[in-house]
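**Student:** Chains as they are written, first to last, in this note's numbering: chain X, 524 to 769; chain L, 6 to 224; chain V, 4 to 274.
Certain hints may be false.
[Said to hold, decoys possible] Residues from chain X shown here face chain L by an in silico Cβ test under 7 Å; the list is partial:
1) 586
2) 593
3) 598
4) 710
5) 711
6) 712
[Unchecked claim] Below, a list of computed lysine-lysine pairs in the DSBU-like style, where the Cα atoms sit at most 30 Å apart:
7) X:698 x L:91
8) V:138 x V:93
9) V:93 x X:657
10) V:138 x V:34
11) X:657 x V:100
What the hints contain is simulated information worked out from the structure, not anything from laboratory work.
Because the structure is a prediction, the values reported are computed rather than measured.
Cβ coordinates follow ideal geometry from the N, Cα and C atoms, glycine included.
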Amino acid sequence: MPANFSHFLSVLGQGAGVTVELTVGGIIVATIDAFLCGIILSRSRLRILRFVVRVYVEGWRGSSELVQLFWVSLAAPTLIGFKLVPLWAGILVIGLNIGAYGSEIVRGALNAVPREQREGAVALSLGPWQQLRKVLLPQAVVEMIPPFNTLFIQLIQATALASLINVSDITYQGKQILEPIASQGQFTLILTIMLVMYLILSLILTGIMRLAELAAARWAGRPPRPVPLRLWARPAAPSAGVGGPS
Amino acid sequence: MTGWDWGVASAAFPLMLKGLAVTAEATVLGSCLAFVLGLILTLLRLSRVPVLAQVTWAFVEFVRDTPLLVQLYFVFFSFPVTLGIKMSPLMTGVVTLGVHYAAYTSDTYRAGIQAIPRGQWEAARALSLPRHRVWLSVVLPQAIRRSVPSLGNYLISMFKDTPILLTVGVLEMVGQAEQAGAANYSYVEPFTIAGFLFLVLSYPSSILVRRLERYVGPR
Amino acid sequence: MSDPGNAPVAAPVGTDEKITFSKVAKRFGPKVVLQDLDLNVKVGERVTLIGPSGSGKTTILRLLMGLEQVTSGTIRVDGEYFSHMERRGKLVPASEKHLRLARRRIGMVFQQYNLFPNMTVLRNITEAPVRVLGKSRADAEARARELLAMVGLEDCEGHRPHQLSGGMQQRVAIARALAMQPEVLLLDEVTAALDPELIGGVLNVLREIAATTDITMLIVTHEMRFAQDISDRVLMFDGGQVVEEAAPGKLFSDPDHERTRQFLSAVLEKT
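Same shape as in the complex, but just chain X (with noise of 0.2 Å):
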């Protein structure tokens, strides 16, 4: 084992637990956002409200994510006079771009709750609000994990851009043990661990995803389910997450 083995892992180390507050907070601000534009899309009767928030959905998904970095860290601060620390510029980018195609995932599972059940909703007078939160989310959360679990590892993934605004992540601190090395050879090694970090904490996020699974079907009144022996299995192609709107 090389000399410089437990050094580098020390400094991926730091790296590592700016990545989960990249993660974390990314998460938060991406379901916040994904369910106040996915419900709107859903379910409002305002078509202009409808229409503004389909346009501020697509921006943020038509873009590039790292312009969106850019934007947001150099361009911003000269617009409105002060700079967002870098860590919450990168939360709040990734958590907004994020966010967007995550509101596709809850729109689309909110128009999936079968028709039925709406109208027995409507048939004992419920209002709008009680339907939504009485039935037709707790019956469609479940729907949206697999395909969020996909999202949230692209979201992991995206945290690595925030590396060029300065936020000293897992790749950042890469990024810096790497460039005054002498010897090449240790390239490798350092950014072998920095992959498997990262494919670390996809593991850990997949078995939470999982748990959550599990609790939501148990919320929707979802006969259990086996759970696949793979912690990791995941819906083969990422449907809704990856790539313009579909």
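Following the hints, position chains L and V against chain X.
**Tutor:** Relative to the frame of chain X, chains L and V by itself:
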């Protein structure tokens, strides 16, 4: 403080268009690689050699679970040392994008192959077609046709990922924007233009893909 | 009256009329489902609608629940407009808010039960009384337990819908509709999705309700024996119009119309 300066914008714009050509080049080459390599990965995963299938599966999962940016660094820093492969920054980017997205497209092809009705396989077997004929003339044409919209989405996605190539010194559109911004002490105009260009190019494309979905949809 | 958009005020309605359809038409695109339908149901009356599928029976119930909007004509409940509302002396289609208030008098049991899978049986029954009628949870639960006992499911209050058989689910759905104390109960082919051996239990519950309450009922069913037992009047529908209407004894034993005779023999053949 200062608002929008048309002078800065018009100075940056021609450079950014030049960068856009590089962006387009990276996207086109990268997606060609992703489409071909993805298919190869799919076939390896379906191969009957057990270890090969599992190693391919692990590789695909690994690529999908780690950041594109770090993968780019890996190819840029580590490939020349360990594999002795030296590539230009642009080629480094193309290879990284291509391999990263191949992990995603391989899932698309696989879903396309799994969606082929059993009757098709049975009919092919009933005609005693040799195995490679079954794949080449029956399975793959149908699977790829079904995969086209999804591949289109990945192409758009890759297009929006190209700016990371600036980190290894490729002067694509956003790299040009950054340089123009640094030269003029104002990032508002170049980055706004960059964001806008991505939007006007990718949004119509994604509408096109949605049309395509209806067109190739299940017959 | 032919054009409800300009009808200034309600046409006179008999005091004992619960439900009044006036020249109601319903089209889905080019498809005509109901045509110039006039239909009155008296307070406490049990009316059964029979006829081939696609004849518009279910649409009548859905219009009355406010799940669909009339294309033309008006629906009144207790003489008050249901499908429409008056605004500045003119009739306009009912807003969602108007419908939500008007719906409280009406309960519905669906073919597919439509129980909420995310709630226990008890919660399914109490949710609307608590949220919509503002009852206390304790009162609502006490009432729900009475209703569950009535439908023979007192042991199931903590179950989830998917743990129950279709017949049990449908009996819960009946209890859920009754918990809102509706003045009108709509039964939309409530046994059509059930296995044959489960149908009897559900029908017996409904017979019991018919015998012990004075709720007005509008029933769509293919169970002719049940229809005969329970109804005061039977309407034979075909092509969006009433072909024949009579007391059940008369209609089932000696129908006037050839179409009714054909339909009845086809249905009875099946069972």
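**Student:** Run every hint past the structure and note whether it holds.
**Tutor:** Taking the hints in turn, this is what the structure says about them:
| no. | hint | result |
| --- | --- | --- |
| 1 | 586 | 5 Å, holds |
| 2 | 593 | 5 Å, holds |
| 3 | 598 | 4 Å, holds |
| 4 | 710 | 4 Å, holds |
| 5 | 711 | 4 Å, holds |
| 6 | 712 | 9 Å, violated |
| 7 | X:698 x L:91 | 20 Å, holds |
| 8 | V:138 x V:93 | 35 Å, violated |
| 9 | V:93 x X:657 | 36 Å, violated |
| 10 | V:138 x V:34 | 43 Å, violated |
| 11 | X:657 x V:100 | 19 Å, holds |
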